[in-house]
Amino acid sequence: MGRQWTANPPFTSSNLVAASIPFRVFLLVTAVLMLVAGYVFGNPAAILSKAINICLECIGIG
Amino acid sequence: MHRNRLTRHSVLRKTVQFASLLATNLHLSGWVSGSIFTGASKVAMIPGLHCYSCPSSVLACPVGSLQSILAAPGFWGILASGRADALIVFAVVGFIATVGLIAGRFACGWLCPFGLLQDLLYKIPFPRMSFNDSLRPAKYVMLLLFVFGLPAFLRPVAGGTGDPWFCKAVCPAGTSLAGWPLVSTSDGAFQIGFLFWWKSAVAFVILLWAVTVERPFCKALCPLGAAWGVLGKVSVFQMHVSDACISCGKCGEVCPMGIEIYKNPGSAECIRCGRCEKVCPVDAISHSIKAKS
Chain A
0 MGRQWTANPP FTSSNLVAAS IPFRVFLLVT AVLMLVAGYV FGNPAAILSK AINICLECIG
60 IG
Chain B
0 MHRNRLTRHS VLRKTVQFAS LLATNLHLSG WVSGSIFTGA SKVAMIPGLH CYSCPSSVLA
60 CPVGSLQSIL AAPGFWGILA SGRADALIVF AVVGFIATVG LIAGRFACGW LCPFGLLQDL
120 LYKIPFPRMS FNDSLRPAKY VMLLLFVFGL PAFLRPVAGG TGDPWFCKAV CPAGTSLAGW
180 PLVSTSDGAF QIGFLFWWKS AVAFVILLWA VTVERPFCKA LCPLGAAWGV LGKVSVFQMH
240 VSDACISCGK CGEVCPMGIE IYKNPGSAEC IRCGRCEKVC PVDAISHSIK AKS
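Heads up: the sequence lines are chains A and B, in that order.
Going letter by letter, the first sequence gives residues 0 to 61 in numbering that gives the first Met the number 0.
Going letter by letter, the second sequence gives residues 0 to 292 in numbering that gives the first Met the number 0.
Because the hints were derived from the structure by calculation, they are not lab data.
Built from N, CA and C at the ideal position, the CB exists for glycine as well.
Only true hints are included.
A few chain B residues that don't get close to chain A, going by computed Cβ distances all over 12 angstroms:
#1 10
#2 22
#3 129
#4 133
#5 157
#6 158
#7 206
#8 254
#9 255
#10 276
Reference listing, derived: stretches of chain B covered by chain A, where coverage requires no fewer than 3 residues with Cβ under 8 angstroms from a Cβ of chain A:
#11 25–39
#12 43–56
#13 85–94
#14 177–184
#15 197–203
#16 228–239
Could you put together the complete structure from these sequences and hints?
Next up, the structure:
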């Protein structure tokens, strides 16, 4: 028997999204940990040195 | 009633957009002196596309930061050896991922300074053009090739420094918000050449495009939008369309990204601006962490 099509969309995201809430939170926590770890173990000067000098490539000179 | 709701929502969104613009551009004197801000706050990043060489910017651009780190001499070697200069890349990737995994392209719709600039340009009375949807995938090329691939792997001299190719060849935010003001206030300190005129032409075309098409750069070219759109598929906050939807299409009429959210609530193009929610006559569209039945 064929599917009954109505004016309502046959595709709501509800079930898919509900099933993946723990996964989505896990991904977000992982990203936050990556952000924090990057600043703790990395050298922020690598960002700062570029940001506090005029970026010649950005302005179309370099 | 829904029209009033949309108006109030637009006022709120513009307020947030301008507040974000102000918060990231506190060094206003830079526009007069032609200098850029050099304070420590520039180690933090903007949730949007905004050049760190903009005279008033007090934060760093995540796209520019990522490219400059990837373009460092021997990046992969120093990353493999665990040196701090390369490990900072995790902070930049983590920042982009965090913003995208919270609410997808929410930052595009509410926080991005270049998004606001496009919104304002589209208010100029001018004949409108339709947008060719086949251009949308170009932003993934920008992300994978110009932001990741070329800066990370292309070296003019073996072992030397790479180039931030997106900044260098494309970015209209850098040209319009940093290049033009700095060059115009430098009294000839910069020797402008082909690259400057190339970038100026690209920026001019994109800005003119933004007068005739709503947010064309976000739709077709923005690498941040590409990343956040993909991450938005698994972001904590999601858009929902309930079974109450009558498929009237009013959401599509007000969507700045030109999508019909009732057909695809999880669209990677959605900037989560919320206009569709306000205009829906049956309140079928919503956003939340949890699904609604």
